[in-house]
Amino acid sequence: MNGVINVGMADYKTARSPDILLTAGLGSCIGICIHDPLLKVGGMAHIMLPSAVGSLGGNPAKYADTALVLLLKEIVGMGANNSRLRAKIAGGAQMFSFPGKPPVLKIGERNAVAVEQELKRNGIPLLVSDVGGSFGRTIHFDVGTGELHIRTINHGEKVV
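For the sequence shown, position 53 matches number 53 in the working numbering, and the numbering has no gaps at all.
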(Lines of atoms letter the chains of each structure in order from A and count residues from 1; the text may use other names and numbers.)
(Lines give C-alpha, C1' and ligand atoms only; values in the text may rest on other atoms or scores of the structure.)
Protein backbone atom coordinates (compact mmCIF):
# COMPACT_ATOMS: atom_id res chain seq x y z
CA MET A 1 0.00 0.00 0.00
CA ASN A 2 1.20 3.52 -0.66
CA GLY A 3 -0.99 6.17 0.84
CA VAL A 4 -2.86 7.45 3.84
CA ILE A 5 -4.36 4.95 6.27
CA ASN A 6 -7.11 6.30 8.52
CA VAL A 7 -7.15 5.19 12.14
CA GLY A 8 -10.58 5.62 13.71
CA MET A 9 -11.51 6.09 17.35
CA ALA A 10 -10.83 2.97 19.43
CA ASP A 11 -8.81 1.58 16.53
CA TYR A 12 -5.23 0.77 15.61
CA LYS A 13 -3.39 0.20 12.35
CA THR A 14 0.13 -0.73 11.27
CA ALA A 15 2.00 0.22 8.12
CA ARG A 16 5.29 0.19 6.25
CA SER A 17 7.08 3.07 4.56
CA PRO A 18 5.98 5.09 2.59
CA ASP A 19 2.51 4.94 4.17
CA ILE A 20 1.10 7.64 6.44
CA LEU A 21 -1.15 6.89 9.42
CA LEU A 22 -3.78 9.55 10.18
CA THR A 23 -6.23 10.10 13.01
CA ALA A 24 -8.49 13.07 13.66
CA GLY A 25 -10.59 14.18 16.59
CA LEU A 26 -8.09 13.72 19.39
CA GLY A 27 -9.65 15.58 22.29
CA SER A 28 -9.19 13.67 25.54
CA CYS A 29 -8.18 10.65 23.43
CA ILE A 30 -4.51 9.87 22.81
CA GLY A 31 -2.83 8.99 19.54
CA ILE A 32 0.03 6.56 20.20
CA CYS A 33 2.61 6.26 17.42
CA ILE A 34 5.21 3.47 17.55
CA HIS A 35 8.10 3.29 15.08
CA ASP A 36 11.02 1.01 14.21
CA PRO A 37 13.41 3.40 12.42
CA LEU A 38 15.55 0.64 10.91
CA LEU A 39 12.74 -1.34 9.26
CA LYS A 40 10.59 1.76 8.70
CA VAL A 41 7.49 0.08 10.05
CA GLY A 42 5.17 1.30 12.73
CA GLY A 43 1.68 1.77 13.95
CA MET A 44 -0.84 4.08 15.52
CA ALA A 45 -3.57 3.55 18.10
CA HIS A 46 -6.36 6.01 18.93
CA ILE A 47 -7.26 5.21 22.55
CA MET A 48 -10.23 6.64 24.39
CA LEU A 49 -9.83 5.47 28.00
CA PRO A 50 -6.95 4.54 30.31
CA SER A 51 -7.81 0.99 31.33
CA ALA A 52 -9.94 -1.97 30.31
CA VAL A 53 -10.30 -3.02 33.96
CA GLY A 54 -14.01 -3.25 34.73
CA SER A 55 -15.01 -2.77 31.09
CA LEU A 56 -16.82 -6.13 30.75
CA GLY A 57 -15.19 -6.92 27.44
CA GLY A 58 -15.76 -4.75 24.43
CA ASN A 59 -13.21 -3.34 22.03
CA PRO A 60 -9.65 -3.72 23.42
CA ALA A 61 -8.37 -0.98 21.07
CA LYS A 62 -10.38 1.52 23.13
CA TYR A 63 -8.09 1.30 26.18
CA ALA A 64 -4.45 2.32 26.71
CA ASP A 65 -3.45 -0.90 28.45
CA THR A 66 -4.92 -3.33 25.92
CA ALA A 67 -4.48 -1.31 22.70
CA LEU A 68 -0.74 -0.97 23.21
CA VAL A 69 -0.36 -4.74 23.64
CA LEU A 70 -2.22 -5.35 20.36
CA LEU A 71 -0.28 -2.67 18.52
CA LEU A 72 3.11 -3.94 19.71
CA LYS A 73 2.26 -7.53 18.84
CA GLU A 74 1.34 -6.55 15.29
CA ILE A 75 4.41 -4.33 14.78
CA VAL A 76 6.75 -7.06 16.06
CA GLY A 77 4.90 -9.49 13.78
CA MET A 78 5.99 -7.27 10.87
CA GLY A 79 9.62 -7.89 11.84
CA ALA A 80 10.24 -4.92 14.14
CA ASN A 81 12.59 -5.37 17.06
CA ASN A 82 11.38 -4.31 20.53
CA SER A 83 14.77 -2.76 21.32
CA ARG A 84 14.46 -0.35 18.37
CA LEU A 85 10.89 0.78 18.97
CA ARG A 86 10.26 4.43 19.81
CA ALA A 87 7.02 6.24 20.70
CA LYS A 88 5.42 9.62 20.17
CA ILE A 89 2.04 10.60 21.61
CA ALA A 90 -0.44 13.45 21.20
CA GLY A 91 -3.86 14.34 22.58
CA GLY A 92 -5.07 14.08 26.16
CA ALA A 93 -6.78 17.46 26.25
CA GLN A 94 -9.25 18.64 28.86
CA MET A 95 -11.99 19.63 26.44
CA PHE A 96 -14.57 20.62 29.04
CA SER A 97 -14.25 22.36 32.39
CA PHE A 98 -15.71 20.73 35.50
CA PRO A 99 -14.84 23.09 38.38
CA GLY A 100 -14.96 21.42 41.75
CA LYS A 101 -15.46 17.97 40.23
CA PRO A 102 -13.31 14.96 41.12
CA PRO A 103 -10.16 14.17 39.08
CA VAL A 104 -11.87 11.04 37.69
CA LEU A 105 -13.44 13.36 35.11
CA LYS A 106 -10.01 14.47 33.86
CA ILE A 107 -9.99 11.75 31.21
CA GLY A 108 -7.34 13.39 29.01
CA GLU A 109 -4.85 13.62 31.86
CA ARG A 110 -5.62 10.07 32.99
CA ASN A 111 -5.20 8.80 29.43
CA ALA A 112 -1.79 10.47 29.12
CA VAL A 113 -0.56 9.01 32.41
CA ALA A 114 -1.83 5.53 31.47
CA VAL A 115 -0.15 5.61 28.05
CA GLU A 116 3.15 6.78 29.55
CA GLN A 117 3.00 4.00 32.17
CA GLU A 118 2.24 1.33 29.55
CA LEU A 119 5.08 2.49 27.32
CA LYS A 120 7.47 2.42 30.27
CA ARG A 121 6.22 -1.02 31.34
CA ASN A 122 6.90 -2.30 27.81
CA GLY A 123 10.35 -0.67 27.62
CA ILE A 124 9.42 1.71 24.79
CA PRO A 125 11.14 5.12 25.03
CA LEU A 126 8.77 8.08 24.70
CA LEU A 127 10.48 10.62 22.43
CA VAL A 128 7.65 13.16 22.11
CA SER A 129 4.64 13.90 24.29
CA ASP A 130 2.32 16.64 23.04
CA VAL A 131 -0.53 16.28 25.53
CA GLY A 132 -2.85 18.43 27.59
CA GLY A 133 -4.33 21.83 26.90
CA SER A 134 -7.95 22.47 26.01
CA PHE A 135 -7.80 21.98 22.25
CA GLY A 136 -8.18 19.05 19.89
CA ARG A 137 -5.56 17.65 17.57
CA THR A 138 -5.31 15.85 14.24
CA ILE A 139 -2.14 13.88 13.70
CA HIS A 140 -0.46 12.09 10.86
CA PHE A 141 2.53 9.83 11.31
CA ASP A 142 5.06 9.17 8.56
CA VAL A 143 6.11 5.56 9.08
CA GLY A 144 9.19 6.02 6.87
CA THR A 145 10.69 9.01 8.68
CA GLY A 146 9.06 8.72 12.10
CA GLU A 147 7.84 12.32 11.83
CA LEU A 148 4.64 13.16 13.67
CA HIS A 149 2.67 16.08 12.23
CA ILE A 150 0.34 17.65 14.81
CA ARG A 151 -2.36 20.06 13.61
CA THR A 152 -4.59 22.09 15.90
CA ILE A 153 -7.20 24.77 15.43
CA ASN A 154 -5.90 28.16 16.62
CA HIS A 155 -2.62 26.62 17.83
CA GLY A 156 -0.96 25.94 14.49
CA GLU A 157 0.85 22.91 13.18
CA LYS A 158 4.16 21.38 14.14
CA VAL A 159 6.33 18.46 13.11
CA VAL A 160 8.10 16.45 15.80
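These are calculated hints, taken from the structure and not from any lab test.
Careful, some of the hints might be misleading.
[Said to hold, decoys possible] Label-pair distances were calculated between CB atoms; the ranges are:
1) M95 with L38: 15 to 25 Å
2) L126 with M78: 29 to 39 Å
3) M9 with G132: 31 to 41 Å
4) H155 with G77: 34 to 44 Å
5) L56 with V159: 38 to 48 Å
6) N82 with I153: 28 to 38 Å
7) S51 with P18: 26 to 36 Å
8) N6 with H155: 21 to 31 Å
Glycine included, every Cβ here is placed at the ideal spot set by N, Cα and C.
Using the beta carbons of L56 and V159, state whether their distance is inside 38 to 48 Å or not. Distance hint for L56, V159 holds at roughly 40 Å.
Range hint 15 to 25 Å (beta carbons of M95 and L38) holds or violated: Roughly 37 Å apart at Cβ, these two residues miss the hinted range, so it is violated.
Look at the Cβ atoms of S51 and P18 and judge whether their distance stays inside 26 to 36 Å. holds (35 Å)
Do the beta carbons of N82 and I153 sit within 28 to 38 Å of each other? holds (36 Å)
Status of the given 21 to 31 Å range, CB of H155 versus CB of N6: Roughly 23 Å apart at Cβ, these two residues keep to the hinted range, so it holds.
Note whether the CB distance of M9 and G132 lies within 31 to 41 Å or breaks it. At roughly 19 Å between Cβ atoms, G132 and M9 fall outside 31 to 41 Å, so the hint is violated.
Taking 34 to 44 Å as the stated bounds, is the beta-carbon spacing between H155 and G77 within them? holds (36 Å)
Holds or violated: 29 to 39 Å for the Cβ distance of L126 and M78? violated (21 Å)
Comparing the model with each numbered hint stated earlier shows that hints 1, 2, 3 do not hold.
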